[in-house]
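S.K.: Sequence:
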Amino acid sequence: MGAVAKARAVGDVEVDSLSVVRERLEVFAGEVLAEAVNRPVQLVNGGLYLRGLLEQGPRKSLEPMVERLGGDRDYQSMQQFLSDSPWDPALVVRAVAERVAGEIDVQGWVLDDTGFRKDGKDSPGVKRQYSGSFQKFTSCQIGVSLHAVGSRGTVPLGWALYLPKEWCEDFARREKAKIPERVEFQTKPQLGLALAVRAAGWKLKRGPVLGDCAYGNNTALREQLDQQRLSYLLAVTPELKVFCAQTTFRAPPPRGYGRFPQPRPAPDREPETIAELVARLGASSLRTVSFRDGPNGRPMKSRFLFARVRSGSDWNVHEHAWFHTGENPPREEWLIAEWPKGAQHPTGYWLSNLPPSTKPGQLARIARLRWRIELDYKQLKGELGLDHYEGRSWLGWYHHTALVTAAHGFLTLERLRPP
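Be aware that the sequence shown starts at 145, since it is given in the numbering used here, and climbs by one per residue.
Hints should not be assumed to be uniformly reliable.
So the derived label-pair ranges between C-beta atoms look like this [to be verified]:
1) Gly246 x Ala410: 46 to 54 Å
2) Pro184 x Glu476: 49 to 57 Å
3) Arg561 x Gln200: 17 to 25 Å
Just so you know, the hints here were simulated from the structure itself, not pulled from any lab data. The structure presented is a predicted model; accordingly, all values stated were derived computationally and were not measured. Where a beta carbon is used, it is the ideal one built from N, C-alpha and C, also for glycine.
Make the full structure from the sequences, and use the hints.
M.R.: Okay, structure coming up:
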């Protein structure tokens, strides 16, 4: 098992014999598949699929994996298990997450999306669209994922396939890809929120939800995470508008009685962009803090600005009215800006609902955790074939990502095994 050997080598641990590793894999597969799969043949197929993902080989799609496994493996049975069998992939992801999360010292939950390059038009969700994975518009699927990241490793907490509006409205394509009727259009932030809310009900340590600007700029996502009592620290763009902490919100006098709507609280100033606020506060407000230990054991440091703000995104300057956020003024959030020494402008901005008592160093360290997901995607695709699924069924995509999650979890546990 090439991926297992590589994982064990990374931890400077002697690689066990393949027979011993296979025995551990069989036990692991039985445990994480047990709740979702109840037929013996399905348990066998699930274990074989995990073996196939962990074996060396250029492609981790079903046909070449079956060939590498050898023997009299039943391709049709494996294909049915992957594409059509009605087992719940979320149960597998949950079993893996609850087992691995306790071993990795969870520090945050990272929300992101990644592209799956696809030709043709029949794979669910495929279209010519922009993907950050390829830094361009291309024909692809996009999957949203949530990952727990810790000091000792990571584990995916869930996957959701983004379904563009034109797919949602095309009955023929939906039927061909076997997309359930209950599936409706959801934005990527909405898919991410659902993954976070689901994982919050599992038996694992929570961490602040992290994400890039595509998620942080979404005011509704931040509000809903806060309503769900989930902490977050999300990247935002400097054009986002905020009120400074000194802003006073006063309710105008009532306009009458009965059914007449009452005026909403109004600020004593207009919002400003994050860039304008940071520039106004200036370099004198910067603090040098450590955000991570370097490879040589020395702390890595940078300059950060920390300020309390309120969102100004839903304030209409011309009509002097609130939208989307209800009758009350917006709640307070942390604004974090990184402004490295020698840089002409800040290089990163974040908003967070972590408590006001949170120490600056902790905010900076959490903000810098998000990069770990790029390493996850690299391993999931490069070693475990995350983007090698060639089937065209909705359920098959979810089955494949769940089994790749299981393979990734097994590698993490192998790497953490004592010598």
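S.K.: Against the structure shown, which of the earlier numbered hints fail to hold, in ascending order?
M.R.: As far as the earlier hints go, not one is violated by this structure.
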